[in-house]
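Respectively, the protein sequence lines represent chains A and B.
Residue 0 is where the first sequence starts when you use numbering that gives the first Met the number 0, and the numbers rise one by one after that.
Residue 0 is where the second sequence starts when you use numbering that gives the first Met the number 0, and the numbers rise one by one after that.
Intra- or inter-copy, both count: the list cannot distinguish identical chains.
List time: in silico DSS-like cross-link candidates among lysine-lysine, alpha-carbon distance up to 30 Å: (1) Lys-234 x Lys-248; (2) Lys-136 x Lys-83; (3) Lys-83 x Lys-298; (4) Lys-298 x Lys-136.
Because the hints were derived from the structure by calculation, they are not lab data.
Protein chains: 2
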Amino acid sequence: MNEQQAIKPYVIGLDLGGTNSVFGIVDSRGEIKATTAIKTQGYDKVEDYVAASVEALQIIIDQVGGIEKIKAMGIGAPNANYYKGTIEHATNLSWGRGIVPLADMFSKALGIPVGMTNDANAAAIGEQAYGAARGMKNFIVITLGTGVGSGIVVNGQLLYGHDGFAGELGHVTMVREGGRPCGCGRTGCLEAYCSATGVARTARELLASTDRPSLLRELNPDQITSLDVSIAAGKGDEMANEIFQFTGKMLGEACADFAAFSSPEAFIFFGGLVKAGELIMKPIREAYNNHVMPIFRGKAQFLVSGLDGSSAAVLGASAIGWEIN
Amino acid sequence: MNEQQAIKPYVIGLDLGGTNSVFGIVDSRGEIKATTAIKTQGYDKVEDYVAASVEALQIIIDQVGGIEKIKAMGIGAPNANYYKGTIEHATNLSWGRGIVPLADMFSKALGIPVGMTNDANAAAIGEQAYGAARGMKNFIVITLGTGVGSGIVVNGQLLYGHDGFAGELGHVTMVREGGRPCGCGRTGCLEAYCSATGVARTARELLASTDRPSLLRELNPDQITSLDVSIAAGKGDEMANEIFQFTGKMLGEACADFAAFSSPEAFIFFGGLVKAGELIMKPIREAYNNHVMPIFRGKAQFLVSGLDGSSAAVLGASAIGWEIN
Chain A
0 MNEQQAIKPY VIGLDLGGTN SVFGIVDSRG EIKATTAIKT QGYDKVEDYV
50 AASVEALQII IDQVGGIEKI KAMGIGAPNA NYYKGTIEHA TNLSWGRGIV
100 PLADMFSKAL GIPVGMTNDA NAAAIGEQAY GAARGMKNFI VITLGTGVGS
150 GIVVNGQLLY GHDGFAGELG HVTMVREGGR PCGCGRTGCL EAYCSATGVA
200 RTARELLAST DRPSLLRELN PDQITSLDVS IAAGKGDEMA NEIFQFTGKM
250 LGEACADFAA FSSPEAFIFF GGLVKAGELI MKPIREAYNN HVMPIFRGKA
300 QFLVSGLDGS SAAVLGASAI GWEIN
Chain B
0 MNEQQAIKPY VIGLDLGGTN SVFGIVDSRG EIKATTAIKT QGYDKVEDYV
50 AASVEALQII IDQVGGIEKI KAMGIGAPNA NYYKGTIEHA TNLSWGRGIV
100 PLADMFSKAL GIPVGMTNDA NAAAIGEQAY GAARGMKNFI VITLGTGVGS
150 GIVVNGQLLY GHDGFAGELG HVTMVREGGR PCGCGRTGCL EAYCSATGVA
200 RTARELLAST DRPSLLRELN PDQITSLDVS IAAGKGDEMA NEIFQFTGKM
250 LGEACADFAA FSSPEAFIFF GGLVKAGELI MKPIREAYNN HVMPIFRGKA
300 QFLVSGLDGS SAAVLGASAI GWEIN
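With the rest of the complex left out, here is chain A (with noise of 0.2 Å):
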């Protein structure tokens, strides 16, 4: 622990989610010391919703011994500018519209340096500073949820690019004729096809188009989720195997490209998809080996995150905290 750590030993980390905003202080080990979460919607004006903010914290930091010992903020949301510390255009957000200037409003109301970053991002940050790439200088970290999201280290920092807004890796085009449509408006993007909703439309389109015997037909088509999937390739349903083969093929060809860009040390994958473990990493790690540069091969690490599931979010918000002065 050096000098300032100890005398500001904790961070405070948002995960700023669409639903809920959870709040945790957190020390330089990743220990989680006090928590707590408001709504994030419902606030017509952001200023309302700092307001809020600020008052749950309150009670938390008092519980920590005062913001004295407390040295930054991070935050991770979704369409943050880490450059300008805004928010923009997060049109699911109640107050999101427009740019909001959101790192800015909680230094003045907290006194403390506050940095954003957006959610995959934070996740990177928060395996280096707590998780699974502890010592690495460069790797890549791939969230799966509702989207697939990513954050790139290299040289040890994180790959902002000149606008604030690399490592967008979900929206690489991996089907270039006939593609899915993709929420960014494009057609054939990974998150497509190995997002959790990619994975459950994955099992739709096979029930659809095949008359094949499942588990999954025993539930409303509608309502299959990538847990559905994963319970059934759990029990041995060669329709749910089939279907993580097909979404981990596509994701180890995707990170064989990756490979060519930044030659990381390990991929690290991270959110609920990655609950499948190996149903989902052995086809990654088998369609990497079989497609990357020879010159690449087999130097590359898989490993899924480092960071508690529940409080992973809040722990890589919080590690943005630990970067900035």
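With chain A's structure known, arrange chain B on it following the hints.
Frame of chain A; chain B shown alone:
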């Protein structure tokens, strides 16, 4: 000019090609003060190659005032390992089998620091030092020659990855099913379509698979080059124009994926194929704008190399000399 540049105002660049090894002594503005060359091949032992190089170099070193005027040497070479200063398994060089510590050998022979990287990375450093990327911190140089190479700069630094081999963008997979064989042993790579040899191959395939008239039919198919296609396109030949459309479209789609990775402010194209000018640049830009994620649209510039063609490779190699200590 800083103090060190006043004392040691020059660097040596070596463009180590399969046929010729071209040396230049370069000042900080990218002006070549003296140049010489030897044949790359014909030496059984690397010691003999280095001795012949130093003998040729001594003459131009004396021309600029002696070795004490020279800060360092940079080498751009195939199969170069930046981290180790070695050439690895360059089976097409008579003295290049195994692992050759070429940077160390030149450093001992000349008494100055020597750095080495591959040709495309050297081009990227050259563009940053003297060319189209001056002042840029995030850009990608794509070399379109016998192969497709790339040098990626992020946060002002060349991206080497954990093993020194990052930035092999010629080997992302663009055609996932039934793609062309590539020199790397896989299929469907960008390089198999968009290198100069890929363009010639596209021409041969189109000529063989259709009866359409074309100026290219006047040539021996086996000897068609990308320059022939460029000349025919310049005369308004429809098939030749279609070949550039096809090539540029694939490059533009690839760049759209690269934007999702590192969000560069510019893509800079370098090498023989770039001489086709707007014939290739226009379809690249169009395909990029049609395929890139909306968040990146309209942000990146598409530039051609700012380095003088005949000396670009030497300039790029020399620029490594400014980077090392």
